[in-house]
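A.B. asks: Our numbering applies: residue 1 is where the sequence shown begins, and numbers increase by one.
Read the hints as simulated data drawn from the structure, not as lab findings. One or more hints might be untrue.
Using 16 Å as the maximum straight-line C-alpha spacing, the simulated EDC-like pairs for lysine to aspartate or glutamate come out as follows [unchecked claim]:
hint	residue 1	residue 2
1	Lys-517	Glu-427
2	Lys-411	Glu-427
3	Lys-205	Glu-221
4	Lys-500	Glu-457
5	Lys-162	Asp-446
6	Lys-264	Asp-446
7	Lys-411	Glu-422
8	Lys-293	Asp-419
9	Lys-151	Asp-274
10	Lys-205	Asp-193
11	Lys-500	Asp-255
12	Lys-278	Glu-422
13	Lys-264	Asp-253
14	Lys-397	Glu-232
15	Lys-264	Glu-401
16	Lys-544	Asp-527
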Amino acid sequence: MKTYVGVKITFVFVVIFCVASTVRFSMRIGNPYAAEFGETIAEGGGAVRHYTININSNSSKNNSNNSNGTTTTTTTSLQQIKENIKKEKQKENDDEEQEQEGEESNEQTNATFLFDTNTSSDNNSFSACIMWMDDNHRLEEWLAYHYYVMKLRYVVIAVDQKSITSPQHIVDRWNDYEKKYSNLNMTIITWKDSEYISDYRVRMKEIDEAESMSILEHGNEKTRYHRYRQHEFYRMCSTHLLKQNKTWVSYHDTDEFVTFAHSKKPNSTDITEDGIKKMKQPYYFLDLLNDIKKRLPPGTSTHLNDTGLSCLSIQRRRYCSNELNEEETKQLLLSSSSSSSLDSNSNNVGIISQNLDTMRYKYLTPGYDGQQKAFIDLSQHNPRAYIHNQYKGKHQKRKWETHRPMLDLCKREEMFRADNIEKIIREERLIVNHYLGSWAAYSFRDDARRGGLRSYEAWLERSNYTNGEYSTVIRPWLQGFITLVGGSDIASYLLQDAGKFPKTFNGTERINDYEYKYKLNSRPGQDQTRSRTSGLETKEELEKERKAKMKRKYNKSKKAKKKAS
Numbered sequence: 001m002k003t004y005v006g007v008k009i010t011f012v013f014v015v016i017f018c019v020a021s022t023v024r025f026s027m028r029i030g031n032p033y034a035a036e037f038g039e040t041i042a043e044g045g046g047a048v049r050h051y052t053i054n055i056n057s058n059s060s061k062n063n064s065n066n067s068n069g070t071t072t073t074t075t076t077s078l079q080q081i082k083e084n085i086k087k088e089k090q091k092e093n094d095d096e097e098q099e100q101e102g103e104e105s106n107e108q109t110n111a112t113f114l115f116d117t118n119t120s121s122d123n124n125s126f127s128a129c130i131m132w133m134d135d136n137h138r139l140e141e142w143l144a145y146h147y148y149v150m151k152l153r154y155v156v157i158a159v160d161q162k163s164i165t166s167p168q169h170i171v172d173r174w175n176d177y178e179k180k181y182s183n184l185n186m187t188i189i190t191w192k193d194s195e196y197i198s199d200y201r202v203r204m205k206e207i208d209e210a211e212s213m214s215i216l217e218h219g220n221e222k223t224r225y226h227r228y229r230q231h232e233f234y235r236m237c238s239t240h241l242l243k244q245n246k247t248w249v250s251y252h253d254t255d256e257f258v259t260f261a262h263s264k265k266p267n268s269t270d271i272t273e274d275g276i277k278k279m280k281q282p283y284y285f286l287d288l289l290n291d292i293k294k295r296l297p298p299g300t301s302t303h304l305n306d307t308g309l310s311c312l313s314i315q316r317r318r319y320c321s322n323e324l325n326e327e328e329t330k331q332l333l334l335s336s337s338s339s340s341s342l343d344s345n346s347n348n349v350g351i352i353s354q355n356l357d358t359m360r361y362k363y364l365t366p367g368y369d370g371q372q373k374a375f376i377d378l379s380q381h382n383p384r385a386y387i388h389n390q391y392k393g394k395h396q397k398r399k400w401e402t403h404r405p406m407l408d409l410c411k412r413e414e415m416f417r418a419d420n421i422e423k424i425i426r427e428e429r430l431i432v433n434h435y436l437g438s439w440a441a442y443s444f445r446d447d448a449r450r451g452g453l454r455s456y457e458a459w460l461e462r463s464n465y466t467n468g469e470y471s472t473v474i475r476p477w478l479q480g481f482i483t484l485v486g487g488s489d490i491a492s493y494l495l496q497d498a499g500k501f502p503k504t505f506n507g508t509e510r511i512n513d514y515e516y517k518y519k520l521n522s523r524p525g526q527d528q529t530r531s532r533t534s535g536l537e538t539k540e541e542l543e544k545e546r547k548a549k550m551k552r553k554y555n556k557s558k559k560a561k562k563k564a565s
């Protein structure tokens, strides 16, 4: 009898333990790092659900989610969860059968859509971590372009907490929320600052406190947070993608497009035709990187060394805001629509092309544009070690940076990379086009750097800065994208918001809002004169900057000698 009672008591404790464990158990696909109970699970359609287990009731309460992808809360019993999982597995099987039937149907009708092949390996696609703040006018062009050029198929978007618009309708469209074009095979998820920044509330409090101080102090504090947020997002996004078994990842912005240079060096030998040929090949960028990986010495990608290619850094060129003339615009319209004349939306694609930065701007600003942008392969040893703070076998937190997120790793690879790999990269003439854009595009969002680094004066100065050098290497992408997705109808659907702003937006009214007010990182009482765009400085300004650099160098040397003694 005692044995029976003991067994019964043990059984009860086991049941209680299992139930308690189930309550604590949570799973997040969209972002696995939030600490709150009732974690987020991102669905294929871009909607977000919060699941909470209710062990006190067998009933379930459901708030339906709408087509805009708004948050939906579901409270359910353990039994219901099991049933839901069973139903979802059955649905996945049904979807696979339908997809196979769809492929057979398209083969019979000679469809032009190039289907993606879903495999267990993610070596065959690109992922991206991008910062977003009221960038809908650029987002669709960026997605479509890189979908074609580097086979972008997985995107994590950090939505700025100060945004006045939402990318959700674009996310839903590309995630095929309405089940219109299931073969797109794109997954996009969105994160809020509070989901990946552990001290989010503290940071917001610091910004609010700075707002009551001077414009200078408030501006500096906002910019510091902007940079900290970007570094933290890249770190957490990389960790998430590593858990998703992703490989190549891009970290460049929605106004930047990876392509090929039209000359070997700025204002040198023309190689436009070579770049155009590459631009006509879908996925060329991804295929290139994977081909280089095959040429790496044995063990390069799986062992600790810096001779291979796990971080590729690419120079940038800025495109000014000089638009095409009337005749060029007319020719662009004709060329964009003529080859798709059989589709009902061929004229619409031509009109859309005039709103695309990659099509409407061709004039370059002299020289390279600031720091390089990095593309990193998370499947290789060094990036994985960097993410886990084990790079070079040392357990220490590594620095994450804006332009080259894994800064230490990228720098070392550039120094020690094998000569044959470096030669291949150099001969490809890769470049990142950086578009200044129209005043509307520049001023639409409430940028954290407004009044400091970003101002109307800065935009105006850069908008016409060109010596006449131009490039049209990038343009074949649009026709390639149209062919890839199956025609103008689908392309128009995916690009319908490109270059558009809310009807109520008035760019002229933003000029005063973007007036220059402070010099970034300066202190109260210091000179607040705005620094001119590099290349446009007067002789007096250049001489002043030269003396300032000499003074900084002298003070640094003096400080080092004092420390050594």
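A.B. asks: All the hints need checking, so say for each whether the structure fits it.
C.D. replies: Each hint, compared with the structure:
no., hint, result
1, Lys-517 - Glu-427, "44 Å, violated"
2, Lys-411 - Glu-427, "20 Å, violated"
3, Lys-205 - Glu-221, "11 Å, holds"
4, Lys-500 - Glu-457, "24 Å, violated"
5, Lys-162 - Asp-446, "8 Å, holds"
6, Lys-264 - Asp-446, "38 Å, violated"
7, Lys-411 - Glu-422, "14 Å, holds"
8, Lys-293 - Asp-419, "14 Å, holds"
9, Lys-151 - Asp-274, "21 Å, violated"
10, Lys-205 - Asp-193, "14 Å, holds"
11, Lys-500 - Asp-255, "15 Å, holds"
12, Lys-278 - Glu-422, "19 Å, violated"
13, Lys-264 - Asp-253, "24 Å, violated"
14, Lys-397 - Glu-232, "12 Å, holds"
15, Lys-264 - Glu-401, "28 Å, violated"
16, Lys-544 - Asp-527, "12 Å, holds"
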